[in-house]
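Peer 1: Generate coordinates for the entire structure from the input sequences, incorporating the hints supplied.
2 protein chains.
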Amino acid sequence: MNDTYDVIVIGAGPTGENVAGRAVRGGLSTVVVESELVGGECSYWACMPSKALLRPVAAAAAANHLRGVTGARLDAAQVLKRRDSFAHDWKDDRQVAWLESAHVDLVRGPGRITGERRVKVGDTELTARQAVVVATGTRAVVPPVLAEVTPWTSREATSSHGVPGRLAIVGGGVVGCEMAAAWQALGARVTLLARGGLLDRLPRFAGDMVAQGLRAAGADVRLGVSVTKAARSSGTVTLMLDDGTTVEADEVLAATGRAPRTDDIGLESVGLTPGSWLDVDETMRVRTGDAPAGSNDDDWDTSDWMYAAGDVNHLALLTHMGKYQGRICGDAIAARARGGEPTVTDRSSKTCVPQVIFTLPEVAAVGLTDEQARDAGLRTRVVEYDLGNVAGASLLRDDYTGKAQMVVDEDRTTIVGVTLAGPGTGELIHAATVAVAGEVPLDKLWHAVPSYPTVSEIWLRLLETYGL
Amino acid sequence: MNDTYDVIVIGAGPTGENVAGRAVRGGLSTVVVESELVGGECSYWACMPSKALLRPVAAAAAANHLRGVTGARLDAAQVLKRRDSFAHDWKDDRQVAWLESAHVDLVRGPGRITGERRVKVGDTELTARQAVVVATGTRAVVPPVLAEVTPWTSREATSSHGVPGRLAIVGGGVVGCEMAAAWQALGARVTLLARGGLLDRLPRFAGDMVAQGLRAAGADVRLGVSVTKAARSSGTVTLMLDDGTTVEADEVLAATGRAPRTDDIGLESVGLTPGSWLDVDETMRVRTGDAPAGSNDDDWDTSDWMYAAGDVNHLALLTHMGKYQGRICGDAIAARARGGEPTVTDRSSKTCVPQVIFTLPEVAAVGLTDEQARDAGLRTRVVEYDLGNVAGASLLRDDYTGKAQMVVDEDRTTIVGVTLAGPGTGELIHAATVAVAGEVPLDKLWHAVPSYPTVSEIWLRLLETYGL
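Protein chains in written order, with my numbering: chain A, 1 to 468; chain B, 1 to 468.
One or more hints might be untrue.
As the list claims (entries may be wrong) - Below, in silico cross-link-like pairs of lysine to aspartate or glutamate (EDC-like), each with a Cα-Cα straight-line distance of 20 Å or less:
#	chain 1	residue 1	chain 2	residue 2
1	B	Lys81	A	Asp398
2	A	Lys444	A	Glu464
3	B	Lys81	A	Asp399
4	B	Lys350	B	Asp370
5	B	Lys350	A	Asp443
6	A	Lys81	B	Asp398
7	B	Lys350	B	Glu282
8	B	Lys444	A	Glu282
9	A	Lys350	A	Asp200
10	B	Lys444	A	Asp443
11	A	Lys81	B	Asp399
Stated by the list, open to error - If you anchor each label on the Cβ, the simulated ranges turn out as follows:
#	chain 1	residue 1	chain 2	residue 2	range
12	B	Lys81	A	Gln212	26 to 36 Å
13	B	Ala216	A	Thr288	53 to 63 Å
14	B	Pro144	A	Gln212	51 to 61 Å
15	B	Arg232	A	Gln212	47 to 57 Å
16	B	Gly467	A	Ala216	44 to 54 Å
Rather than coming from a laboratory, the hints here were simulated on the basis of the structure.
Source: prediction; values computed, not measured.
Virtual Cβ for every residue (Gly too), placed ideally from N, Cα, C.
Peer 2: Put into structure tokens, the structure is as follows:
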């Protein structure tokens, strides 16, 4: 079988779906190639099931921390069933139906690039008139020390049909922290092991509050430790740590990082290295050859037919950023197919990436930390405020504790980064994202009055603390 | 006793406190005059107690609408006690302590203006070197037809120590809707009577959803009706309606509007009309004389010593807008005392007023409705999206229903208004407020990527629906 399309997308996760949707909207015939489930990691083993596990936990906690509400209890079996329904019982009929409704063709199987504009899927040879887009995402990396005990990865942690008795989690990043919060609340006895602190890419208070929340929930959080040996014996895993202590568990979750799913997609056929992240320009075209000396990416050669969007380009490993890049990528391919150049290019993947971590308390951040901003040469000022002192927060929860930090570019007097930690902060961060992406000067933000008494009044307090 | 200050503020509600705090920060000696409790209506009989009543109701509802959480119940007595603590048991020690810490003097008693820059409080004659600020707020208006049954006003509705058996509420505005939601959930059998629909100043879907929510909770919502007669007999109030039906209740709440508390503050001594709203310029200086012909407010005379901030100027009857005006007012007085003119003036009270209505579901809005925008001569386009179709909303609650509407100024391609109705929308509106106040063009908003899977992804859906 031999088929020709304008666009071939390898990977039918949210990124690939957005590329395809936008390419079709731009008048291009499009096929997506998927070796597993249409909908990708996010739909079945990441965002959706993990948040389906965490939302009831957060809602019960919110109710139980309010005088006047009593008796809210979690029913773990029902939480797992709710999670199953959000993962559509790991069937992709709905997503396939969406592809059909969007006039996107689907070829199932592993896609391998076999040369310029050519992709092979089993016996099917696909040819692209315009572009091949790699949107294959990432997989969990299992460190060698854990490999022999066949640990859970994020997939098993989000899809498990039972609550483990004792769960050891290795890794203090987002996956480790979220799964620790979920499974501890659902009845597991969780031990969380991190080499450094928790959520180390964010300002320290965020990880500190998450550690505090996990410990208050009964989890054993051990920071600054590494696993030196792991062994499984009659169902029990024993982890030996570099501080001389051991941890016993029924299951171990390896939450120690992600690797690009590019090892078996034929990169070698076009002179790229299998297993590598794919560098891209601001329209998601893949960079070829070596990086130029100095930092001027404009001198870097780009492919005229190969694109990479989402996790696989290593810019921002988050579903919403993959979707954003997917929209830009699909539009760019369509613009070039018409002989033009895209007018909308990626402005956010490096400097305005929002993220919500659905722990208890939640953590939400966007933009640059102070350290990142200074490394980028900005003259910054950091403003912090105790979220618990906002009237809306004290109403939200009797024992509200939280913190907000904003990083101001003093030369432009705009906000370049915000970090929030506290219950309910997940929906607060978008106001910051608008301020950062919109480059709204502080003296204009002053007229964006937050409603009283909402937690959003943190904005007034931050600006007052700045000196407005 | 005869005292001279730079600034005299009549009214120690949130607005007056902000005027005073900013005036002192500007180096001015300041006294506030308060006839009731320092902290004002908001602290004891409005925002704080009403939201203290409503927050447990919302938290219990959130828990009970999630598969996997069971058993959340309201304990009305404890909810009332929590409310008491948020109202500080109607004692103002804490607020008095704040005034002291801010170096603001306090004179208790009713303040009456007796001439230019002069205010009398009992036997005390106060003189202002710079300014007298009227920040006396509003009181509930009881319509004549209800007067003889001595109804509750917002004060009794927010401070009641018991749950009435049957509560009739007259008025479908914010107070009526919020109190209906609170007391129905706490055990009263509520009948809500509105002359039109509910929340008539907002797009219709908002009031429709609130009516639906109240009815689902068991309240009797009757729209398009007026009370023609009211009588109380052995504890029971009977209301006769213009549709021929009657309502019996144990208590009646008159939630039919507000009037300025200016009837007894000596306005006549300076040529103004007692009981009138006080028109102001964009620095909160009171307009004197008659309004100029046409619409050019710049030709309107303003007082050089008398200011009015908060509810009393009728611009936006909301605590946060009063505080905003208070900051502008205090800063303006300080700037003029230094011989300058203020650099920050009111930009939001007419076109960027946010409001959250803590009903079930919540309603949140900012800026202009389509009708208001067209009346202002803008060429608009309205975009709507079903909030329940956002992944983050379906995670938040099993049966999420809600709606979002954005009004775009097509000439500037900026957002001039947003209305949201649905659970949890109260904290979503600030992103809209930032977009409206920041005048962020849609093509820049496109790069403010909302986090997946949060309810804030409504932003992506609105922009996609617009055509981006």
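Peer 1: Hint by hint, say whether it matches the structure.
Peer 2: Verification of the hints:
no. : hint                            : verdict
1   : B:Lys81 - A:Asp398              : 13 Å, holds
2   : A:Lys444 - A:Glu464             : 13 Å, holds
3   : B:Lys81 - A:Asp399              : 16 Å, holds
4   : B:Lys350 - B:Asp370             : 15 Å, holds
5   : B:Lys350 - A:Asp443             : 18 Å, holds
6   : A:Lys81 - B:Asp398              : 13 Å, holds
7   : B:Lys350 - B:Glu282             : 10 Å, holds
8   : B:Lys444 - A:Glu282             : 16 Å, holds
9   : A:Lys350 - A:Asp200             : 18 Å, holds
10  : B:Lys444 - A:Asp443             : 19 Å, holds
11  : A:Lys81 - B:Asp399              : 16 Å, holds
12  : B:Lys81 - A:Gln212: 26 to 36 Å  : 28 Å, holds
13  : B:Ala216 - A:Thr288: 53 to 63 Å : 59 Å, holds
14  : B:Pro144 - A:Gln212: 51 to 61 Å : 58 Å, holds
15  : B:Arg232 - A:Gln212: 47 to 57 Å : 55 Å, holds
16  : B:Gly467 - A:Ala216: 44 to 54 Å : 47 Å, holds
Comparing the model with each earlier hint shows no violations; every hint is respected.
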